[in-house]
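*Asks:* From first to last, the protein sequence lines are chains A and B.
Mapping of the first sequence onto my numbering: residues 13 to 267, in sequence order.
Mapping of the second sequence onto my numbering: residues 699 to 1092, in sequence order.
Just so you know, the hints here were simulated from the structure itself, not pulled from any lab data.
A hint or two may mislead.
To be verified - Cross-link-like lysine-lysine pairs, in silico, DSS-like; alpha carbons within 27 Å at most:
no., chain 1, residue 1, chain 2, residue 2
1, B, 923, B, 1062
2, B, 923, B, 1066
3, B, 953, B, 744
4, A, 174, A, 122
5, A, 249, A, 128
6, B, 923, A, 197
7, B, 764, B, 851
8, B, 751, A, 179
9, B, 730, A, 179
10, B, 804, B, 751
11, B, 804, A, 197
12, A, 89, A, 174
13, A, 26, A, 228
14, A, 89, A, 218
15, A, 197, A, 226
16, A, 100, A, 228
17, A, 218, A, 174
18, A, 228, A, 211
19, B, 953, A, 174
20, B, 800, A, 197
21, A, 150, B, 923
22, B, 747, B, 804
23, A, 150, B, 731
24, B, 764, B, 701
25, B, 1091, B, 953
26, A, 218, A, 228
27, B, 923, A, 174
Predicted model, so just to flag it, every value in this text is computed and none were measured.
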Amino acid sequence: MAINRIDSLFNQKKGLLSIYFTAGYPQLEDTMSVLSELQAAGVDMVEIGMPFSDPLADGPVIQLASLQALNNGITIKKILDQIKDMRKTITMPVVLMGYVNPVVHYGFEKFMADCKAVGVDGVIIPDLPFDEYIEHYKDMMDSYGIHYIPMIAPQSSDERIKYIDSKASGFIYMVASAGITGNIKASLDTRTAYYQRIKALDLKNKTMIGFGIKDKASYDHACVNADGAIIGTAFIKHLSEKGVAATKEFVSAIR
Amino acid sequence: MSKYSVNSNGYYGRFGGQFVPEMLYPNVDNLKKVYQEILDSESFQKEYKQLLKEYVGRPTPLTYAKRMSAAYGTNIFLKREDCAHTGAHKINNAIGQILIAKQMGKTRIIAETGAGQHGVATATVCALMGLKCAVYMGEVDIQRQAPNVARMKMLGAEVIPAMTGNRTLKDATNEALRDWISNPEDTFYIIGSVVGPHPYPDMVAKLQAIISEETKWQFREQTGKDLPDYVMACIGGGSNAAGSFYNFLDDESVKLVAVEAAGLGLDTADTAASIARGTEGIIHGSRTMLMQTDDGQIIEPYSISAGLDYPGVGPLHSFLAESGRATVLAATDQEALDAALELTRLEGIIPALESAHALAGLKKIDFKATDNVVVTVSGRGDKDMATYMNRFKL
């Protein structure tokens, strides 16, 4: 089996920038153009959000984008169809992020098989608990070569983080501060202390920091403390205000 | 251990579980570890029972409904949760959970509410205990349940409108969960129904079990008979039904009947009957019967009753329905309104619109003259007077 693109990326580079965007947003057929623009702008990895009617971990900006995309007519089936030929042009790792109900409804294994077929490298399903993944889905996902990207948060105990690290693959998604996407409540000192606590655990997996990373300063701060950072809400805001064509402008302001 | 009890992973059969983001894992896991021990402790039991008796006014009456019984040709008993302080069964659970919250050292309480009854109950116990309280309520519900909003505010709670989705109970629950994700250290989330991630469905069922505990001895005392033939309750999330059924679950001779809100009708899109019209899915942390599209998006429900206007149902009830232990019926808005008026005119009790659905179920069962039927009147109708005034031209 070919090496997963996420693994190759982390072997090559540090200070990674991953960008999240919502599929089918702003227009239904924008998914591929945003993806191509992001690659052209030089980002290292992307997360494509699969909209859900009730996105628990998301703040108002991503909620609104999800709602608009759903109103545009986006579905999981449609997303997989839109990106079915992406590997003709897209070389960076692609992660799909969505909530558990639509994925289970689509059929968990069918979803993984279809992800593999179109060249998706990993999935983030925030409300699929890690233990549920280990018990029911890990072996199956491994057989398709798709990483389940686990999250950890400031409240996660050392013991819990070490347990997750011992079983995880791909990378670990470090939620920057207690909260939903686009919302950063913790002070810089609190975040630094949390980042350093994780660093000291000397995890075997690579780490990416997300939730509340919005500009060059927060990106740089994250990169000092982890292998890279993920920006979502700030990019969605930019997309909604300036459109798909201004993608490069956003990325250039970060690095 | 009853075969209807939750297992150690939080499942009733295949329903239930703990589908929460990792950000909530420490909170939910911690609660899972301590709730049973707290519930079993002597100090908790003493304080809980004392408050139920001296503050809530329990036991609530079991009333033999003489004229209703004559009208239906059977024996109907009403379990009168409408007589509980704050006007509904919701207070039983709110008192229990706030004692647990205090035991865990939490200083801020959040809750979601549909009809406002759980919000009022939570605001009430927060005033009683001197804790800060924020209640999320859908903007639409804020409009249709204005008296309860005023009560919560008078009790010192902050009422935060949920502006997403249909702006009803589902959306209020989403916002409360987001608040909890954002405030994991000091905040305790008092969920109002037998929904949410494990251990909430089990914890809330156990805190509402007082309803059937009382019904059991009251029925024996009043009739000299061991058990009723039927126990009926309305079901949205299902907390009053869970409490009404709980101590009868293993008495298989007792027929358990849950009545869902059919809204404008089961064959219309405007319904909240999750068991009749739903399919298996995951909402608010548990796997259960859920109204959803072919793409797994959650469908906005509809019922005239704000308390039943929820697209899912507690996982226990999905299991009881599937296993055949409970029979699930559905009553339309109009049937519930008719039943509310009937109870009012025959027994002098104005029920909540939610409870009226349980009463509407009476018409759908062919009772024998010898049957003993207990119907839980989960709350009183004061909060629904605007709807009653409008529909009955009062």
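*Asks:* Next, verify each hint and record whether it holds.
*Replies:* Taking the hints in turn, this is what the structure says about them:
no.: 1; hint: B/923 / B/1062; in the structure: holds, 25 Å
no.: 2; hint: B/923 / B/1066; in the structure: holds, 16 Å
no.: 3; hint: B/953 / B/744; in the structure: violated, 32 Å
no.: 4; hint: A/174 / A/122; in the structure: violated, 31 Å
no.: 5; hint: A/249 / A/128; in the structure: violated, 30 Å
no.: 6; hint: B/923 / A/197; in the structure: violated, 60 Å
no.: 7; hint: B/764 / B/851; in the structure: violated, 39 Å
no.: 8; hint: B/751 / A/179; in the structure: violated, 50 Å
no.: 9; hint: B/730 / A/179; in the structure: holds, 23 Å
no.: 10; hint: B/804 / B/751; in the structure: holds, 25 Å
no.: 11; hint: B/804 / A/197; in the structure: holds, 19 Å
no.: 12; hint: A/89 / A/174; in the structure: violated, 36 Å
no.: 13; hint: A/26 / A/228; in the structure: holds, 16 Å
no.: 14; hint: A/89 / A/218; in the structure: violated, 31 Å
no.: 15; hint: A/197 / A/226; in the structure: holds, 13 Å
no.: 16; hint: A/100 / A/228; in the structure: violated, 31 Å
no.: 17; hint: A/218 / A/174; in the structure: holds, 13 Å
no.: 18; hint: A/228 / A/211; in the structure: holds, 21 Å
no.: 19; hint: B/953 / A/174; in the structure: violated, 49 Å
no.: 20; hint: B/800 / A/197; in the structure: holds, 25 Å
no.: 21; hint: A/150 / B/923; in the structure: violated, 54 Å
no.: 22; hint: B/747 / B/804; in the structure: holds, 21 Å
no.: 23; hint: A/150 / B/731; in the structure: holds, 26 Å
no.: 24; hint: B/764 / B/701; in the structure: violated, 36 Å
no.: 25; hint: B/1091 / B/953; in the structure: violated, 37 Å
no.: 26; hint: A/218 / A/228; in the structure: holds, 21 Å
no.: 27; hint: B/923 / A/174; in the structure: violated, 58 Å
The structure does not agree with the numbered hints 3, 4, 5, 6, 7, 8, 12, 14, 16, 19, 21, 24, 25, 27 stated previously, though it agrees with the rest.
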